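Chains as they are written, first to last, in the UniProt record's numbering: chain F, 1 to 267; chain Y, 1 to 288.
Treat the hints with care, as some may be off.
Unchecked claim - Derived Cβ-Cβ restraints for the label pairs, each shown as a range:
#: 1; chain 1: F; residue 1: 223; chain 2: Y; residue 2: 14; range: 29 to 39 Å
#: 2; chain 1: Y; residue 1: 282; chain 2: F; residue 2: 223; range: 51 to 61 Å
#: 3; chain 1: Y; residue 1: 128; chain 2: F; residue 2: 237; range: 47 to 57 Å
#: 4; chain 1: Y; residue 1: 143; chain 2: F; residue 2: 219; range: 20 to 30 Å
#: 5; chain 1: Y; residue 1: 146; chain 2: F; residue 2: 218; range: 11 to 21 Å
Since the hints were derived computationally from the structure, they do not count as laboratory data. None of these values were measured; they are calculated from a predicted model. In this text, a Cβ means the ideal position worked out from N, Cα and C, and glycines have one as well.
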Amino acid sequence: MFSKVLFGRYVPTNSFIHRLDPRAKLVLSFYFIVIIFFANSWLAYAFLGLFTLVVILSTKVKLGFFWDGIKPLIWIILFTVILQMLFSNGGHIYWHWGIFSITQFGLINGGYIFCRFLLIICMSTVLTLTTPPLLIADAVESLMKPLIKIKVPVYEIALMLSIALRFVPTLLDETQKIMNAQRARGVDFSTGSIWKRIKSVIPILIPLFISAFNRADELATAMEARGYRGGEGRSKFRILQWHGKDTAACLVMVVVTIVLVGVRLYS
Amino acid sequence: MAEIEFNQVGFVYQPGTPFEATALTDINLTIESNTYTAIVGHTGSGKSTLIQLLDGLLKPTSGSVTVGKITVGHDSSNQQLAKLRQHVGIVFQFPESQLFEETVLKDIAFGPKNLGKTNEEAEQLANQAMRLVGLDASLASHSPFELSGGQMRRVAIAGVLAMQPQILILDEPTAGLDPRGQREIMELFAQLQQQQQLTVILVTHQMEDAAKYADQVVVMNHGAVVKTGAPREIFIEPKWLQANHLMVPKTTAFAQALQHHGFKFDPFPMTVAELTAQVSQQLESGAQ
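If we strip away everything but chain Y, and leave its shape as in the complex, we get (with noise of 0.2 Å):
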C-alpha cells in the first residue's frame, strides 16, 4: 500500500502580497509504508515546506497529499489536518528547543495526553519512550533544562516517540550532536524503524546518512524532485550531484577513486562495511 502519496503538490508562502514566494511546484511522490525515505537537496530547495506538508502544519496551495486514507488538499478543514498530525510524528531541527514542562517525564506525556490519553496510559507510554532513547529512568522526575543537549534532544525525540506514530519524520535529528551522538541517535531511527514497522522520513545535508539507512532518495533542486531512487542509483553520479549542490558520501568517493586505479564493484559499495568486504575480498584474490 503507498503510504504517502503527493499528488501534483504545490506550495506558495504569502500569495497575492508582494512577499511572494513559491516554494514547492509540482511534487509528485509517492512513499511505501514502512520504508526509510531520506529527502536531500540544498538549503532552501523546499525540503522543510514538503515535510510541514506532510504533518499538516502547512495546507498545501494546489495538488493534494494523501497520507493513508487522509487526503488534505487547499481546502481541507483544520480538523482534517489535526487527524493527519496523529499519525504522523515529527522531530523538527533542534527539537530541545521545544520542551517546556516542569520535568522529562511530563514534557515526553505531553504530546500523549494531547492524543487524548489519560494520564497513566501517557506516563506509561512516556516511560516506554525514555527506554527506546536510552534515557535513565532516574531522569523522569528532573526538569529538561537541567540535562546537557545531547539528553535535551533525547527528551524531545521521546516526546515524538510517545505519540507513536505510523510515520515519523526526522528533520536534521543529528544537527549540533557530536560524533558519537550522531551515530547512536541514527542507529535508533534505524533500529525502530525494523522493528516498529515505521515509516521514517529523513531530511539530511548528511549523505552518508542517507546512503547508510535510507531504501529511497528524494533529491529535491529548487522547489521541485530532481530524481528519486534507491542510494545507488542516485549516488553513482558525482557529476550529476555536484550539479544539484549536493556532496558525495565519503565512501561512494573513495570506491570511485579506487575504480580509477583498477578495483571493480558489484555492486557499487554505499556503506563502509560494503566497500571494506568487498575491497578486502579483491585485494585477498589479488594477492594469489
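Just chain F, with the same shape it has in the complex (with noise of 0.2 Å):
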C-alpha cells in the first residue's frame, strides 16, 4: 500500500531542473507558491499554467507521477472547492437554497481555488520529483545559515531534517512488515467497524514507536562513537556550488513576476 506514497520519491532523469542547486529550487518553488495568490484573473492563471506545464514538461519525468501527486489531494480539493462556491457571495445569483447559494463570483473564486491547488501540488512535486531529500535538507540548512545569529539551532534543525528523511522509507518499510505479521497472526486491517479498525492500529502503533526507539538510541551511539560532538566546527562532504544556470532560473522567475504583475494592473 505504500509503494503509492509519492512523499521523499525522486526519480532521476538528469534533466536541467535536476542540475540546479537545490537551493535555488527551495526558494524558487515557495517564492512561485507565493506569486501564484497574487493572480487574479483567468489571463493570469493561464499565463502561470502555461509555465508549470513547461516546468514539468522539462523535468522529462513521466505526467502520471504528477497525477500520482494530485490524487491522494483531490479531495480535498473537491470539498474546499464547493465550499467555496455554495458560500461566495455577489453577482448574479443562478440557484440558492436557505443559506445556500451558486452565484456568479462564487464560480469564479472555486475555478481560482482550483487552479491554486493544481499549480501549487504541480510545483511542488517538481521540487520533490527532482531533488534527493538529502539535497533538500541541505538546502535548508544553507538557507537557515543566518538564524544561527538570531540563536536559532540550525545545525541541530538540519541533522534532524536530513535523518527524518533518510528513515521515512525505513519506517514505511518496517510499517509494511509489521503490518504483515499482524496480518499473519489474523489481524484483519480492511474490514470491520471503524472502531475496530482504529483498534487495529494499535498493533502496528506500539511496535513501531518502540522499534524507532530502539532505532535512535543505536544511531546516537554509533554517531557518538564516530566522533560526532555536535554541529560547532564540522566540515561538509556536500558542498552546495551556485552556478549561472540558477541565476538563469531565478531570472525567468523575475520576468514571470514582471508578467504577472503586467496582467494584473492592464487587465
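Starting from two chains that each stand alone, build the complex the way the hints lay out.
Okay, here's the thing in C-alpha cells:
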C-alpha cells in the first residue's frame, strides 16, 4: 500500500531542472507558490499554468507521477472548491436554497482555488521529484544559516531533518513488515466497523514506536562512537555550488513576476 | 495428499509503474503434508515473496497457489486470503519486533483471539504454547519488553504456535541468536514437526540446518526454482551450489575433503552424526 506514497520519492532523469542548485529550487518553488496568490484573472492563471506545464515537461519525468501527486488530495480540493462555491456571495445568483447559493463570484472563486491547488501541488511535486531528500535538507540548512545570529539551532534542525528524511523509507518498510506480521496473526485491517479498524492500528503503532526508540538509541550511540560532538566546527562533504544556470532560473522567475504584475495592472 | 501446490506462479511488485520489479517467475512446486522443506537461495532470490504468497499476504499476479482445499489466484478476494491465513502460521525474520501487548500471555493469546477463540480458550492455548517453546510460566505476567532478546523471540514464536497452524513457515527463525539459542530453536521446530504432524517450511541461509532437518530442499535463484530434491541430492555437488551462490554445508565439505584422501561414503553423510559414524567405522575396519 505504501508503494503509492509519493513523498520523498526522487526520480532521476538528469534534466536541466534536476541539475539546478537545490537552494535555488527550494526558494523558487516557495516564491512561485507565493506569487500564485497574486494572480486574479483567468489570463494570469492561464499564464501561470502554461509556465508550470513548461517546467513539468522540462523535468522529463513521466506525467503520471504528477497525477499520482494530485490524486490523494483530490477530495480536499473538491471539498474546498465546493464550499467556496456554495458560500460566496456577489454577482449574478444562479441558484439558492437557505444559506446556500451558487453565484457568479462563487463560481469564479471556486475556479481560482482549483487552479491554485493544482499549481501548488504540481510545483511542489516538481521540487520533490527532481531533488534527492538529502539535498533538500542541505538546502534548508544553507538557507537558514543567517538565523544562527538569532540563536536558532540551525545545525540541529538540519541534522534532524536529514535523519528524518533518511528514515522515512526505512520506517515505511518497517511498518509494512509489522503489518504483515500482524496480518499473519489474524489481524484484519480492511474489514469491520470504524472502531474495530482504529483498534487494529494499535498492534502496528506500538511495535513501530518501540523500534523507532531502539533505532534512535542505536543511531545516537553509533554517532557518538564516530566522534560526533554537535554541529559546531564540522566540515561538509556535500558542498552546494551556485552556477550560472541557477541565476538564470531566478531571472526566469523575475520575468514571470513582471508578466504577472503586468497582467494584474492592465486587465 | 499434496498440501501445498504452486501452479505456474508469477509475482510482480508494483506492476504498471516505473518501479515494476519481477520477483517470481513460473514457480511450480509441490510440498507434501507433514514434511520439512527448506528453501535456500541467496539474498534477493525471491524466498520471502514466495512465503508471503503462501500465507495470503500477497496475491500471485499469475498462476495459482493451492493450500489444502483453498486456491488463491490473482482475482481472489481478501476473505479467501484470510481463510488461507488460518491454516498457515508464519514466523518472520526478527519476530520479536511484532510484540505489542502489556503482558507476555496477552501477546501470545492475541493470535488465537483474532481467530475467534474466547478469552479462556486463547489463554489456555497461550499457556500451552509457552510451555512448548520453553518459557517459564512465571514470565506470563511480565511485559514482553522486559525480556531478553532470546526470550522475546520465543514469545513471538509462541504467539504463532498458539494459533495451532497446520503449516508453519519460518523465515530465518534463528538469525541473530547465539549458537545455543539457534540450536534450541531449531530442535524445537524439528520436534514440533514430528509430534504435531506439522508441515514446516524453513527459509534459511544456514545450509547445515537445511541438510540436518529438511526432507526436501528447494533452491531458488533469480525468482525461479532451480532445483528441488532431498538434501543428499542437492548438497552433493559443491560446484553447482557455488554457481548458484550457495554455501556447501561444513559436514559435506569435510566429507568431500576426506573422500579425496581415500575415504568412501555411502550414503553421503549430511549430518555430523552420520559423518562420525561412517568415519569411525572406516577407521576401525582400516586398523584391522
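Practice task
Sort out which numbered hints this structure fails and list those numbers smallest first.
Solution key: Of the numbered hints given earlier, the structure breaks none, since each of them holds.
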